[in-house]
Amino acid sequence: MNEANEQDVDKTYQRLDKFAESKGYHLNPDIEFTKDLIRSLLINQKRYGYWACPCRLASGKREEDLDIICPCDYRDPDLKEFGVCYCSLYVSKDIKNGEKKAEAIPDRRPPKKE
Amino acid sequence: MEIEHVEGENKGKIFLYALSTCGWCKKTKEFLNNLGLEYSYIFVDLLEGKDKDETVDKIMKWNPRCSFPTLVINDEKCIVGYNEDEIREVLGL
Numbered sequence: 342m343n344e345a346n347e348q349d350v351d352k353t354y355q356r357l358d359k360f361a362e363s364k365g366y367h368l369n370p371d372i373e374f375t376k377d378l379i380r381s382l383l384i385n386q387k388r389y390g391y392w393a394c395p396c397r398l399a400s401g402k403r404e405e406d407l408d409i410i411c412p413c414d415y416r417d418p419d420l421k422e423f424g425v426c427y428c429s430l431y432v433s434k435d436i437k438n439g440e441k442k443a444e445a446i447p448d449r450r451p452p453k454k455e
Numbered sequence: 066m067e068i069e070h071v072e073g074e075n076k077g078k079i080f081l082y083a084l085s086t087c088g089w090c091k092k093t094k095e096f097l098n099n100l101g102l103e104y105s106y107i108f109v110d111l112l113e114g115k116d117k118d119e120t121v122d123k124i125m126k127w128n129p130r131c132s133f134p135t136l137v138i139n140d141e142k143c144i145v146g147y148n149e150d151e152i153r154e155v156l157g158l
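So the protein sequences, as listed, match chains A and B.
Just so you know, the first sequence maps onto residues 342 to 455 in my numbering.
Just so you know, the second sequence maps onto residues 66 to 158 in my numbering.
Okay, chain B solo, but in the shape it has when bound (with noise of 0.2 Å):
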């Protein structure tokens, strides 16, 4: 699967589900961009069959609307939508 990996600084485990062609996951990803984090990424609409049926199958135990971005963290908080202050917050910032 095509997990995309942006070097940065280390504020904890953080996955974002994002759509290519979505305008907030955009912005979301700029937002982790300009603070300089550590992050993993995923474009789920590049996805086919089995991978996207599991990544969906995966987001959606996070976020059962499966909408987009969602964020995890630690694998164990999911901010969903563009929120840069949710995300500030849950990483402490």
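Extracted from the complex, chain A is given alone in its bound form (with noise of 0.2 Å):
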């Protein structure tokens, strides 16, 4: 539950890669970091069934979690703002060309109410 393989996670990197470059979207050019985040989302997929942002605790149970289930909600306003997503699996054109460093952004999910 808690390893990937090593081809699922290359593979995805280029089938993530693509899709998100047609769409205006680039990864982040920090191959190493990527392809464990990209880890971190196969094995969220093995544990929860679905794809959790790796850098939230997830609820496990999928209504609870669904503004964070990569592309999660807050990427395009993160973008926008930060130049980064929450996880910075997703980054702006300036950091993909190494013009700017990815830097850790705080997290815009509202808390969670009791």
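Treat the hints with caution; some may be incorrect.
List time: in silico DSS-like cross-link candidates among lysine-lysine, alpha-carbon distance up to 25 Å [what the hints assert, rightly or not]: (1) 441/A to 94/B; (2) 91/B to 437/A; (3) 387/A to 402/A; (4) 91/B to 387/A; (5) 437/A to 359/A; (6) 441/A to 91/B; (7) 453/A to 126/B; (8) 117/B to 402/A; (9) 92/B to 434/A; (10) 76/B to 94/B; (11) 352/A to 387/A.
It is worth saying that the hints were derived from the structure and are not from the lab.
Bring the two chains, given one by one in their own frames, into a single complex with the hints.
Structure below.
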């Protein structure tokens, strides 16, 4: 449950990169970091049945996690404001081109109501 | 509970709440490792049931959003997110 096949990681990376670029999005150019995140998404797929954001604690209940299924609901506003999404899988063009560095950003997801 | 301990130089009690899947948590660990510091960490996503609930409650006392990484230093300071400068500052490095 906590492992992913490296071939699957590579294949998913290639597929996601191609798809992202075709839609005007860019994956993080730090390939090791990006493949770690993709490995985590594949682990979460096995663990929860969906691509829960690797940098957020998933509830394990799909209906509670809909907003954090990758690409999460917060990706576009985060890309617009910070140039990265929360986990930094997706980055802006200038980060992709190496003109700017990806940095950690605060979580935009509203805190859970008790 | 699966609390892991990393040996190193003691600069105070450093406890890292992390997710095993998170890239920024990994960077935080690598940063602490490179500094050669003694610290403990726990992967909250690998916990289940009561252990997970209790740990989340503990984190929320420091960081109500329960986001990761959450670093608690000497049971008095909390650093949310991967922030090398803040870690250095709080640890007086």
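The hints, checked one at a time:
no. : hint           : verdict
1   : 441/A to 94/B  : holds (23 Å)
2   : 91/B to 437/A  : holds (21 Å)
3   : 387/A to 402/A : holds (14 Å)
4   : 91/B to 387/A  : holds (21 Å)
5   : 437/A to 359/A : holds (14 Å)
6   : 441/A to 91/B  : holds (21 Å)
7   : 453/A to 126/B : holds (14 Å)
8   : 117/B to 402/A : holds (15 Å)
9   : 92/B to 434/A  : holds (23 Å)
10  : 76/B to 94/B   : holds (15 Å)
11  : 352/A to 387/A : holds (17 Å)
Hint violations for this structure: none, all hints satisfied.
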